[in-house]
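Using the sequences plus the hints, can you model the full thing?
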Amino acid sequence: MQTLTIRDRFKLQRFTRGLGPEHGPVRLDRSRVFILPTASGLLFAGMLLVMLFGAINYNNSMAHLFTFLVGSMAMVSILHTYRNLAQLSFSVGKAPPVFAGSRAGFEVLATNPGATPRYLLRLHSPGQPAVSIDLKGRHTGTATLYREARQRGVLPLGRWTVSTRYPLGLFRAWAHLDLQAQCLVYPRPAQQRPVPQDPAYKPHQTGDRGRGVDDFVGFRPYRPGDSPRHVFWKAAARDQVLLVKQFGGDRADEVWLDWDTLPGMDTEARLSQLCRWVLDAHRNQQAWGLRLPGVEIGIASGNRHKHRCLEALARFA
Amino acid sequence: MPGTGTALSTRSQTWLLAAVALLVLPHLPRLPWWITLLAFGVGLFKLVLLRRPYHQPPRLLLALLTVAASAGVFFSYGTLLGKQAGVALLIVMLSLKLLELRAVRDGRLLVYLGYFLVVTNFLFTQTIPIALYMFVATLVITAALSVITHSSRERPAGSHLRLAAVLLAQALPIMLVLFVFFPRVAGPLWGLPKDAYAGMTGLSDSMTPGAISSLAQSEATAFRVEFFGPTPEPAQRYWRGPVLWHTDGRTWSPGRIGSYSRQRPEAVQNSGQALRYAITLEGHNKPWLLALDLPVEISRRALYTVDFQWLSYRPVRERIRYEATSWPHYHTGPLDPRLRKAALQLPEHVSPRVQALARDWHTRADSDRAVVQQALDYFHSQPFVYTLQPPLLGDDPVDDFLFGTRRGFCEHYAAAFVVLMRSAGIPARVVTGYQGGEYNPVGDYWLIRQADAHAWAEVWLPDTGWQRVDPTAAVAPERIEHALDLGLQAAGAPARFRLAETGLLVRSWRQLQFAMDSVNNHWNQWVLSYGPQRQLELLAALGFKQASWREMALTLLLLTGACLLGVALWMLVRTPAPSDPVLQAWQRFCSRLERLGVRRAPSEGPRDLARRAMAAHPEFASQVGPITELYITLRYGRPLQGSHEIQQLRQRVRRFPERTD
Chain A
1 MQTLTIRDRF
11 KLQRFTRGLG
21 PEHGPVRLDR
31 SRVFILPTAS
41 GLLFAGMLLV
51 MLFGAINYNN
61 SMAHLFTFLV
71 GSMAMVSILH
81 TYRNLAQLSF
91 SVGKAPPVFA
101 GSRAGFEVLA
111 TNPGATPRYL
121 LRLHSPGQPA
131 VSIDLKGRHT
141 GTATLYREAR
151 QRGVLPLGRW
161 TVSTRYPLGL
171 FRAWAHLDLQ
181 AQCLVYPRPA
191 QQRPVPQDPA
201 YKPHQTGDRG
211 RGVDDFVGFR
221 PYRPGDSPRH
231 VFWKAAARDQ
241 VLLVKQFGGD
251 RADEVWLDWD
261 TLPGMDTEAR
271 LSQLCRWVLD
281 AHRNQQAWGL
291 RLPGVEIGIA
301 SGNRHKHRCL
311 EALARFA
Chain B
1001 MPGTGTALST
1011 RSQTWLLAAV
1021 ALLVLPHLPR
1031 LPWWITLLAF
1041 GVGLFKLVLL
1051 RRPYHQPPRL
1061 LLALLTVAAS
1071 AGVFFSYGTL
1081 LGKQAGVALL
1091 IVMLSLKLLE
1101 LRAVRDGRLL
1111 VYLGYFLVVT
1121 NFLFTQTIPI
1131 ALYMFVATLV
1141 ITAALSVITH
1151 SSRERPAGSH
1161 LRLAAVLLAQ
1171 ALPIMLVLFV
1181 FFPRVAGPLW
1191 GLPKDAYAGM
1201 TGLSDSMTPG
1211 AISSLAQSEA
1221 TAFRVEFFGP
1231 TPEPAQRYWR
1241 GPVLWHTDGR
1251 TWSPGRIGSY
1261 SRQRPEAVQN
1271 SGQALRYAIT
1281 LEGHNKPWLL
1291 ALDLPVEISR
1301 RALYTVDFQW
1311 LSYRPVRERI
1321 RYEATSWPHY
1331 HTGPLDPRLR
1341 KAALQLPEHV
1351 SPRVQALARD
1361 WHTRADSDRA
1371 VVQQALDYFH
1381 SQPFVYTLQP
1391 PLLGDDPVDD
1401 FLFGTRRGFC
1411 EHYAAAFVVL
1421 MRSAGIPARV
1431 VTGYQGGEYN
1441 PVGDYWLIRQ
1451 ADAHAWAEVW
1461 LPDTGWQRVD
1471 PTAAVAPERI
1481 EHALDLGLQA
1491 AGAPARFRLA
1501 ETGLLVRSWR
1511 QLQFAMDSVN
1521 NHWNQWVLSY
1531 GPQRQLELLA
1541 ALGFKQASWR
1551 EMALTLLLLT
1561 GACLLGVALW
1571 MLVRTPAPSD
1581 PVLQAWQRFC
1591 SRLERLGVRR
1601 APSEGPRDLA
1611 RRAMAAHPEF
1621 ASQVGPITEL
1631 YITLRYGRPL
1641 QGSHEIQQLR
1651 QRVRRFPERT
1661 D
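One line per chain: the protein sequences are A and B, in this order.
Under our numbering, the first residue of the first sequence is numbered 1, with each subsequent residue one higher.
Under our numbering, the first residue of the second sequence is numbered 1001, with each subsequent residue one higher.
If you're looking for bench data, these hints aren't it; they were derived computationally from the structure.
Predicted, not measured: the structure shown is a model, and the values here were computed from it.
Just so you know, even glycine gets a beta-carbon here, dropped at the ideal spot from N, CA and C.
Take these hints with a grain of salt, some might be off.
Which chain A residues face chain B? A few, computed with CB under 10 Å, are given here [unchecked claim]:
(1) Gly46
(2) Ser132
(3) Arg138
Here are the simulated SDA-like pairs of lysine to any residue, each with C-alpha atoms no more than 25 Å apart in a straight line [as the list claims (entries may be wrong)]:
(4) A:Lys94 / B:Gly1605
(5) A:Lys136 / B:Leu1583
(6) A:Lys306 / A:Trp256
(7) A:Lys136 / B:Arg1011
(8) A:Lys245 / A:Phe232
(9) A:Lys136 / B:Arg1153
(10) A:Lys136 / B:Gln1584
(11) A:Lys94 / B:Pro1602
(12) A:Lys136 / B:Ala1568
(13) B:Lys1097 / B:Tyr1133
(14) A:Lys136 / B:Pro1581
(15) A:Lys136 / B:Arg1155
(16) A:Lys94 / B:Ala1601
(17) A:Lys245 / A:Ala235
(18) A:Lys136 / B:Val1166
(19) A:Lys136 / B:Pro1606
(20) B:Lys1341 / B:Leu1294
(21) B:Lys1286 / A:Asn57
(22) A:Lys136 / B:Lys1097
(23) A:Lys136 / B:Leu1168
(24) A:Lys136 / B:Met1571
(25) B:Lys1097 / A:Thr38
(26) A:Lys94 / B:Pro1606
(27) A:Lys136 / B:Leu1161
(28) B:Lys1097 / A:Leu49
(29) A:Lys136 / B:Ser1159
Now the structure itself:
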């Protein structure tokens, strides 16, 4: 927890925007929580004033007493509003990568260290619909904050706000938070376009006889360890021979996706195209490699490889 | 959390309906029948709507209804302003608003108006039961506000009521501080509507015997008296009110001479013991400050008139309390010629029979005092009847009463007596006020009711000055000794008086009444009549002599702040920050390491941290090691750990860092 100098304490920026990015988890202490009346609270104050004038005008003791009661209750509710935020601690969880043009979701973890439940916590990042959660005593809850991922690259969560109008909606307490959280934004996939059949393209040496799941290739005798699902049971019933269906045909092509095959385009368009090809190659179960200026990722396939390539595209500078 | 534009849940609407019903109920008896009907109709319709929300009334219909109801209020009261019409309008609007609850915004507005309605109720009645009822109503409407705020959540009804109860309970001390110290201003701040003081009863400033055939018999309290020291004899319990000098034969009024000219209280000479007492006077919308005959001192800024009344500079519109001193035996000295003339004024026409009677007494008696005695004997010996429901009197009321009906109450006797005295050349006047009172043994004070209102006469005699004469006492001595029993008066029949009851049940019942009135008296003294005057007295008692506005504001601020701080501490103590003692100790350890320059990285585990700390500060290694190991065992080790280990960890952390060389 950092301490603030007096000078820092009174900066208007702290009030409107918060302290700037910091490492989580952050606990909401006195210096972070602000409180102001809501619009409805101001209306309430106006009504109290009218009540007070009425009480004075009619010299009415009970009217004084009840006006003071209701007013004191509003004052006390400030403490409840503050208490509802105080001491909560926030940290960020996962932020799965997204493609540019969609919304990036950041998981936020809110921990209530005390026994008192917290109600109506509203987490809100600018320009996005708010998320409202309750937290039981000594519990951690999660909420997902979104941001528009407009550009590929690394998207920080940025400043967001946790606020509450508990208990009566007369006051709103809030704290601005800016936790270090990043979401990887892949380039927006471009239009479908064939992969250039340049010398980089070559069929697999072993042809199509490998193991696979796509095409039926033929039968072979059963060997212990084969999956019972692949046993050709009809033949087993007829001929008393265990045969196993053999599959193959996973296209074992290898392809290089190369920056240099896309001359004459600007950087982002090239990256978008490469992104599309990576996705296509992955969908077609090809093995591929990626070449960018200064970066080369060797031939491989699979999910992890895909994300590695996409990350390289996202982080390309 | 919904914005204020979000739709209001059915649950919130049900709460609002209940709260509004609770708030409107105590107002109903004061409202015209059609508003009661409207309120009930709307309530029932709303109940149906809650089950079948698709029957929402169209907005146009609601708008028309609103206009029609406002017009109705206008026709019922002749205005839309003022206390009664205003409250009626508020209730009509509140009821109709129930049918148009769409957004959270509508619900909140309804609650705010509801708080307002709570307060308006006190303009009509401020009794203890109503105060308690309104407290409950405030609780419910606050819970309704909580329900609206939590519109997006399903929480049990009890939790909202509990929340409201906690808020109100915590608000009580602050409310008390504000009530006592908030600078009170004597209202009104601006002109009050005409009906502001409607319903205040009290003495009138004129008297017309025979115009009404029955006396207003009200059990309402006129004032309460606490005596410091001796109490007056029953025959001396005359509470002086307006003095009536002028008569046109039928109606008596103060005239031009009396009430509004000042004199100095020193003009009165005392003989005998002074009586000191405090009076709590109910508001009666007239200036006179009732006091025991004959008042000479009063603890308020007031005017002392030539006929010995204390008059407030403004009509008494709220309950006030003042201390006064009276002399039951007095001598008022010589009579100013101007006053003598006024005290001998007679109506243009006095019947020959009346004149003859007075002349006869005058010639037969050797002194004015003897004339007075003859008049009293006359009332006593002739067949006069004391009744609260006398027949109406004709064109010459005095003549008609003296020689015709011979039935009447105090006003008749006082008026006839004064006319007779003046006819005999003795200066006389009518004094109205109260007579008697009931002692409350529980609260040790006297209660004087409106039904104790009385009229008597005063004559001026050369040797004693003005002297009180009560002709009613000559006819019905019991009237002076006992209060009237209002339950037992029959038309034209002699009045019945309240005598000592002997039955156990009756006595217990009266005891209970005394106790209740005593509680009411304290309520009146300390709560209801707490105004600018009482506040000054209380502040003076607390040591604020001549408290300035600045001092008051500062005190108010400090005390309110102290109360809030108390509530805050209470709330925070009840929610200890990190409750896991192991974690707490570890966090403390980490912050102490930080002071030594070893800051834990967010991802750093305890062992790595310990290694770094020991490298940086080998002198503390013997402490860092065991603390870390203890923490790891307690936190990640076997789940069951005794408090002994926890204690040990906390002790070690508390001592850290400690040089052990």
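Hints versus structure:
1. Annotation: interface hint on Gly46 (chain A) holds; nearest CB of chain B at approximately 9 Å, less than 10 Å.
2. With a least beta-carbon distance of about 5 Å to chain B, the hint placing Ser132 (chain A) at the interface is held under the 10 Å criterion.
3. Given hint, Arg138 (chain A) at the interface with chain B, holds; its Cβ is 7 Å from that chain's nearest Cβ, closer than 10 Å.
4. Of the supplied pair hints, the one linking Lys94 (chain A) and Gly1605 (chain B) holds, its CA atoms being roughly 20 Å apart against a limit of 25 Å.
5. Distance check on the hinted pair: Lys136 (chain A) and Leu1583 (chain B) sit about 19 Å apart at the alpha-carbon level, within 25 Å; holds.
6. Restraint check: the Cα-Cα separation between Lys306 (chain A) and Trp256 (chain A) comes to about 13 Å, which is no more than 25 Å; the hinted pair holds.
7. With a C-alpha separation of about 23 Å, the suggested pairing of Lys136 (chain A) with Arg1011 (chain B) holds against the 25 Å cut-off.
8. Note on Lys245 (chain A) and Phe232 (chain A): the hinted pairing holds, with a Cα-Cα distance of about 6 Å set against a maximum of 25 Å.
9. Only pairs whose Cα atoms come within 25 Å are accepted, and Lys136 (chain A) paired with Arg1153 (chain B) is accepted, the gap being roughly 14 Å.
10. The suggested pairing of Lys136 (chain A) with Gln1584 (chain B) holds, with an alpha-carbon distance near 20 Å, which does not exceed 25 Å.
11. At most 25 Å may separate the alpha-carbon atoms for a hinted pair to count; Lys94 (chain A) and Pro1602 (chain B) meet this at roughly 16 Å.
12. Using a Cα cut-off of 25 Å, the hinted pair Lys136 (chain A) and Ala1568 (chain B) holds, with the two alpha carbons roughly 21 Å apart.
13. Restraint check for Lys1097 (chain B) and Tyr1133 (chain B): the C-alpha separation of about 23 Å stays at or below 25 Å, so the hint holds.
14. Restraint check: the Cα-Cα separation between Lys136 (chain A) and Pro1581 (chain B) comes to about 20 Å, which is no more than 25 Å; the hinted pair holds.
15. Of the supplied pair hints, the one linking Lys136 (chain A) and Arg1155 (chain B) holds, its CA atoms being roughly 13 Å apart against a limit of 25 Å.
16. For the given pair, Lys94 (chain A) sits about 19 Å from Ala1601 (chain B) by alpha-carbon distance, which is consistent with the 25 Å threshold.
17. Under the criterion of a C-alpha separation no larger than 25 Å, the hint pairing Lys245 (chain A) with Ala235 (chain A) is consistent with the structure, at around 11 Å.
18. Between Lys136 (chain A) and Val1166 (chain B), the direct Cα distance comes to roughly 19 Å. Compliance with the 25 Å bound is thereby established for this hinted pair.
19. This hinted pair does not check out: Lys136 (chain A) and Pro1606 (chain B) have alpha carbons roughly 28 Å apart, beyond 25 Å.
20. At roughly 23 Å between alpha-carbon atoms, Lys1341 (chain B) and Leu1294 (chain B) fall within 25 Å of each other, so this suggested pair holds.
21. Annotation: proposed proximity of Lys1286 (chain B) to Asn57 (chain A) holds, straight-line Cα distance about 18 Å (limit 25 Å).
22. Taking the CA atoms of Lys136 (chain A) and Lys1097 (chain B), the gap is near 36 Å; set against the 25 Å cutoff, the hint is violated.
23. In summary, the hint linking Lys136 (chain A) to Leu1168 (chain B) is supported, as the alpha carbons are separated by about 24 Å, within the 25 Å threshold.
24. For the given pair, Lys136 (chain A) sits about 17 Å from Met1571 (chain B) by alpha-carbon distance, which is consistent with the 25 Å threshold.
25. A C-alpha spacing of about 23 Å is found between Lys1097 (chain B) and Thr38 (chain A), which places the hinted pair at or below 25 Å, so the restraint holds.
26. The suggested pairing of Lys94 (chain A) with Pro1606 (chain B) holds, with an alpha-carbon distance near 24 Å, which does not exceed 25 Å.
27. A threshold of 25 Å between alpha carbons decides the hint, and for Lys136 (chain A) with Leu1161 (chain B) the separation of about 19 Å falls inside it, so the pair holds.
28. In summary, the hint linking Lys1097 (chain B) to Leu49 (chain A) is supported, as the alpha carbons are separated by about 23 Å, within the 25 Å threshold.
29. For the proposed pair Lys136 (chain A) and Ser1159 (chain B), the alpha carbon gap of about 14 Å is at most 25 Å, so the pair holds.
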